[in-house]
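Chain by chain, the residues:
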Amino acid sequence: MTPTPRALRVLEIISFLLLVAAVWMVFFFAPLEAVMGAVQKVFYFHVANAWVGMLGFIAAGISGIAYLRTHDMKWDIVEVAAVEISLVFFLIAIVTGSIWAYPVWNTWWTWDPRLTTAAILELIYIAYMLLRQGIEDPERRARFGAVYTLIGGLSVPLTFMSIRLFRTIHPVVVGGSNAAAQGGFDMSPRMLQSMLFSILVFSVIFITLFWHRIRIGVLAQTVEQLKLKLTQ
Amino acid sequence: MIEVRKLIKRFGLKTILRGLDFHVAQGEFVVLLGPNGAGKTTFLRILASLSRPSLGQVVIAGHTLPVQAAEVRRTLGVVSHQPLLYGDLTAEENLRFYGRMYDLQNLDARLTEVLQLVGLEHRRRDLVRTFSRGMQQRLAIGRAVLHDPEVMLFDEPYTGLDQDASAMLDDVLRNVAARGRTVVMTSHDLARAEELGSRFDVLSRGVIAASCLQQELGSSNLLTFYKQALAA
Amino acid sequence: MNRAAPRRSSTVAGSFLRAVGAIAWKDLAAELRSRELLSAMLVFALLVILIFNFALELDVKTRATITAGVLWVTFAFAGTLGLNRSMAVEKDQGCLDGLLLAPVDRSAIYFGKVVSNLAFMLIVEAIVLPVYSFLYNTNVVSLGLVGVILLGSIGYVAVGTLLSSMAVQTRTRDVMLPILLFPVIVPVLVAAVKASSGFLQGLPMNEILPWLNLLVVYDIIFIAIAFMVFDYVVEE
Chain A
1 MTPTPRALRV LEIISFLLLV AAVWMVFFFA PLEAVMGAVQ KVFYFHVANA WVGMLGFIAA
61 GISGIAYLRT HDMKWDIVEV AAVEISLVFF LIAIVTGSIW AYPVWNTWWT WDPRLTTAAI
121 LELIYIAYML LRQGIEDPER RARFGAVYTL IGGLSVPLTF MSIRLFRTIH PVVVGGSNAA
181 AQGGFDMSPR MLQSMLFSIL VFSVIFITLF WHRIRIGVLA QTVEQLKLKL TQ
Chain S
1 MIEVRKLIKR FGLKTILRGL DFHVAQGEFV VLLGPNGAGK TTFLRILASL SRPSLGQVVI
61 AGHTLPVQAA EVRRTLGVVS HQPLLYGDLT AEENLRFYGR MYDLQNLDAR LTEVLQLVGL
121 EHRRRDLVRT FSRGMQQRLA IGRAVLHDPE VMLFDEPYTG LDQDASAMLD DVLRNVAARG
181 RTVVMTSHDL ARAEELGSRF DVLSRGVIAA SCLQQELGSS NLLTFYKQAL AA
Chain Y
1 MNRAAPRRSS TVAGSFLRAV GAIAWKDLAA ELRSRELLSA MLVFALLVIL IFNFALELDV
61 KTRATITAGV LWVTFAFAGT LGLNRSMAVE KDQGCLDGLL LAPVDRSAIY FGKVVSNLAF
121 MLIVEAIVLP VYSFLYNTNV VSLGLVGVIL LGSIGYVAVG TLLSSMAVQT RTRDVMLPIL
181 LFPVIVPVLV AAVKASSGFL QGLPMNEILP WLNLLVVYDI IFIAIAFMVF DYVVEE
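Listed in order, the protein sequences are those of chains A, S and Y.
Numbering follows this note's numbering, in which position 34 of the first sequence is assigned residue number 34; successive positions increment by one, without gaps.
Numbering follows this note's numbering, in which position 26 of the second sequence is assigned residue number 26; successive positions increment by one, without gaps.
Numbering follows this note's numbering, in which position 217 of the third sequence is assigned residue number 217; successive positions increment by one, without gaps.
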């Protein structure tokens, strides 16, 4: 068993410190928003998590295509890691979104494009997990996983567009002057900085977790190999 | 006709075929023997282009697998455990379907020829669902010889056949051999194998453990040879 | 038995189309004989409409806006029955191997199955529409609606055939297909329902056009992708 590499340990510490810094920024650096008050502060982490979820989504898509082209199991491990982590980050984004939505719009859920697409994406991720669980052969599992990532991944932008043809009530945030978008607010420079910093922090956390998860995948594969050697 | 060099086949982390070498000249009738689970079916599936080699080279009738799989398939006729027939179609319709898939000329005449060969002419308009196992296997053999392939692969074709069907299969095999077609057959029926085969190979522990020509058997019989090969 | 039966057509495209036609014909012929798949789909579809009737208490006013939704939910659910069954036949008898042994491009198998699956779906839809009209005393059959149903069904079947080829190779089989399929065909359902609703309510064409465009885009993208990726799903 290879021990956690030093770089990863360092990254863990940095992630933690950055997270603390981000929390401080959100509560003490960023100004209190006029209309919504304290609850608006959820926004910073909400956007960061959604953004990082997108990173995972793209990573999964790329890994899927890479696997189909190279048939290297390495890409399969990366793909699973990306899906799992993206699933969790999007879940946090959805939950924080709900927390933000309730005081502002008096509803836990809105059927607007972004939120709905996020929910459908979660379902695609879960379907992906279930698909993998139902297959014994690792090679077939990897192949099918990659195919479904491709199909699912392609459908998401189309899903978003199709729902967006409906009216949206999701706030148009940056410099929002659109009267129809309720809950939108203009961001002061400090708010912008806090948001960007949060995105950075969560990207670092994403990399840390991603790295860990890939290591777990590799270790799991090693365990399987050892098990096999024992039985033969 | 068939050239296999250092064939390796892995399923996940399990290696079934370990650097298998196998050469069959045109017109040879090779019977492949081996214990259950040795990899005979896996090997035959690779030859049939239904499964890809993990490593190694497979060349059939001058075409390399898996790159030139389509050309290889034209020259192959396969009979496996399952009859590969559609229950809701008649015998004639099944053969006609495969005839179309193989793009054959004079299909009607050919259908009648084949049905007569396997002794099912009188049942041509009956649904395959109503056939006994023996009759289904007969029709499956008909399907396999329909396009008059140069190479024929039989995977335990005598399984579940009654006397009549077995005798018919004997005839078909002798006929095929007489016309100079190349045959690879796996079987547990040593008596029949000894009678039909021109060469006997034993597949054990992922490689060809022993090979013996019909003439070389001499005074000992196939069973002795087989046991010796496994003991080694 | 002395001469090998020579090939009929020498063009690749010719034999490709022949294979597609052969597979589609084989499915349709087998189904017309047993009618198991069609009757299952049909009965199921009618039951779903019946359940909707009680669940939603459709009255004349609200019915116009909900009709499109009810129809498409019905088609989506009945569709999975058809897709499952169609692939199960190949898997159970090992016939998929028979298809894979044929000297044709794998995608011919895909297109052949798509054609037959589409045919089954269209047959069911062709029966459900008049029945719905009859049950609710409104005429839902119109050229526009038929067009939407065609486009939507194509998208549904294109993705569904690919995913059912995967689902049939897993442990959970039938259950797996809806789980895989439904999140991915949301664009089809949304666009099809909106477009259908538009035609039912007699909305102007320029309002319906975006939805039709979306359907066409989806169909093209996913037929292309499924056709490219099908090899990976059936090969070992």
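Hints in this document: simulated from the structure, not taken from any laboratory.
The C-beta atom is built at its ideal place from N, Cα and C for all residues, glycine as well.
Accuracy of the hints is not assured; some may be wrong.
[Claimed, not checked] Simulated crosslink set (DSS-like; lysine-lysine; CA at most 27 Å straight-line):
hint: 1; chain 1: S; residue 1: K227; chain 2: A; residue 2: K74
hint: 2; chain 1: A; residue 1: K74; chain 2: A; residue 2: K229
hint: 3; chain 1: A; residue 1: K74; chain 2: S; residue 2: K6
hint: 4; chain 1: S; residue 1: K6; chain 2: S; residue 2: K227
hint: 5; chain 1: S; residue 1: K14; chain 2: S; residue 2: K227
hint: 6; chain 1: S; residue 1: K14; chain 2: A; residue 2: K229
[As the list claims (entries may be wrong)] Just a few of them, taken from the derived set where beta-carbon distance is under 7 Å, the chain S residues facing chain Y:
hint: 7; residue: V78
hint: 8; residue: L84
hint: 9; residue: R133
How the hints compare with the structure:
1. S:K227 / A:K74: violated, 42 Å
2. A:K74 / A:K229: holds, 21 Å
3. A:K74 / S:K6: At roughly 25 Å apart (the allowed maximum being 27 Å), K6 of chain S and K74 of chain A satisfy the hint.
4. S:K6 / S:K227: Cα-Cα ~25 Å, so holds.
5. S:K14 / S:K227: holds, 26 Å
6. S:K14 / A:K229: Roughly 9 Å separates the two Cα atoms, so the pair holds.
7. V78: holds, 6 Å
8. L84: Holds. Min distance 4 Å.
9. R133: With a closest approach of 13 Å, the R133 of chain S hint is violated.
Violated hints, listed in ascending order, are 1, 9; each of the other numbered hints is respected by the structure.
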